[in-house]
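Mapping of the sequence shown onto this note's numbering: position 136 corresponds to residue 599, and the numbering continues sequentially without gaps.
Rather than coming from a laboratory, the hints here were simulated on the basis of the structure. Bear in mind that the values here come from a model prediction, so they are computed numbers and not experimental data. Beta carbons: idealized from backbone N, C-alpha and C, even for Gly. Careful, some of the hints might be misleading.
[Claimed, not checked] Heads up, simulated SDA-like pairs for lysine to any residue below, C-alpha to C-alpha not over 20 Å straight-line:
no., residue 1, residue 2
1, 607, 487
2, 608, 553
3, 608, 523
4, 607, 515
5, 595, 608
6, 608, 571
7, 598, 552
8, 608, 552
[As the list claims (entries may be wrong)] Between beta-carbon pairs, the in silico distance windows are:
no., residue 1, residue 2, range
9, 610, 558, 19 to 27 Å
10, 527, 486, 13 to 21 Å
11, 553, 527, 33 to 41 Å
12, 528, 552, 23 to 31 Å
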Amino acid sequence: MTESAPRTAVPFSEPARFFDESLPLTDLGDSYESFGDVGELSADSDLVFVGRVAGTVRGVNRWAPAGGGGLVVEYDGVVFTVEEVLAGNTDLVGTELTVEHPAVVTTDSLGPERVESAPIGLLRQGVERAEKGLKSARYLVFVKKDALPDGTEFVLFNTPGGLVELADDGTTLEGAAGPFLFLHTDEGTYTDGLSL
Numbered sequence: 464m465t466e467s468a469p470r471t472a473v474p475f476s477e478p479a480r481f482f483d484e485s486l487p488l489t490d491l492g493d494s495y496e497s498f499g500d501v502g503e504l505s506a507d508s509d510l511v512f513v514g515r516v517a518g519t520v521r522g523v524n525r526w527a528p529a530g531g532g533g534l535v536v537e538y539d540g541v542v543f544t545v546e547e548v549l550a551g552n553t554d555l556v557g558t559e560l561t562v563e564h565p566a567v568v569t570t571d572s573l574g575p576e577r578v579e580s581a582p583i584g585l586l587r588q589g590v591e592r593a594e595k596g597l598k599s600a601r602y603l604v605f606v607k608k609d610a611l612p613d614g615t616e617f618v619l620f621n622t623p624g625g626l627v628e629l630a631d632d633g634t635t636l637e638g639a640a641g642p643f644l645f646l647h648t649d650e651g652t653y654t655d656g657l658s659l
């Protein structure tokens with residue numbers, strides 16, 4: 464798979480669709496592979512980084528499988544400023560990277576529904592802080608790359624547990640699927656290591 468260039472954050476003129484409460488909910492939680500712990504999740508990820516929310520992007524990708532009976536999945540993205548790369552392409556440090564998530568699912572029978580799935584619920588506070596010009600919380604983000612047969616590339620949260628909110632002392636607040644060994648401070652000090 465080819466590397467895709469990081470996308471630039473867009474203004475918050477239009478909120479991401481996963482916060483659009485005017486749409487009914489659908490839960491896609493069962494469609495994601497489960498991981499036993501953070502080490503297993505890390506080993507299955509193409510990129511693991513620490514970053515802050517910088518913006519949101521609507522309509523990053525769209526998937527309509529052949530013979531899908533009218534199924535269409537639209538993807539939005541969360542733009543992160545990458546502060547540290549723990550596994551993967553270290554050239555991404557200091558850049559803005561868009562990580563995609565399914566946002567709206569449409570079927571012939573049900574019409575459009577917004578997606579409710581991990582790790583989207585953890586992002587609301589980070590997005591709302593960035594929207595107000597405030598610094599968002601730090602997140603540990605696990606990224607998985609994939610591509611459709613037509614070559615359309617996806618850079619996705621590796622879920623569940625693909626997003627972990629970090630406290631100021633580097634400990635986890637929410638989202639970790641198991642033991643978390645990596646500690647991070649604002650000064651960049653690391654005590655212990657993430658099992659990769």
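Between residue 608 and residue 552, does the CA-CA distance stay at or below 20 Å?
holds, 13 Å
Does 33 to 41 Å hold as the CB distance between residue 553 and residue 527, or does it fail?
Since residue 553 and residue 527 have Cβ atoms about 36 Å apart, the given range 33 to 41 Å holds.
Is residue 607 close enough to residue 515, meaning Cα to Cα at most 20 Å?
holds, 18 Å
Between residue 608 and residue 571, is the straight-line Cα distance small enough, at 20 Å or below?
Distance of about 29 Å is beyond 20 Å: violated.
Take the C-alpha atoms of residue 598 and residue 552, compute the straight-line distance between them, and say whether it is at most 20 Å.
violated, 24 Å
Would you mind confirming whether the straight-line C-alpha gap from residue 608 to residue 553 stays at or under 20 Å?
OK: residue 608 and residue 553 at ~16 Å, within 20 Å.
Is it true that the CA of residue 595 sits at most 20 Å from the CA of residue 608?
Not satisfied, since the Cα-Cα distance of roughly 30 Å exceeds 20 Å.
Satisfaction of the hinted span 23 to 31 Å by the C-beta atoms belonging to residue 528 and residue 552:
Holds: the Cβ-Cβ distance is about 29 Å, inside 23 to 31 Å.
With a cut-off of 20 Å on the C-alpha distance, tell me whether residue 607 and residue 487 pass.
Status violated; Cα separation ~27 Å.
Per the hint of 19 to 27 Å, is the separation of the Cβ atoms of residue 610 and residue 558 within bounds?
holds, 21 Å
Range agreement (Cβ of residue 486 with Cβ of residue 527, hint 13 to 21 Å):
holds, 18 Å
Keeping to a limit of 20 Å between CA atoms, is the pair of residue 608 and residue 523 held or broken?
It holds: about 14 Å lies between the C-alpha atoms, which stays within 20 Å.
Hint check: violations occur at hints 1, 5, 6 and 7; the rest are consistent with the structure.
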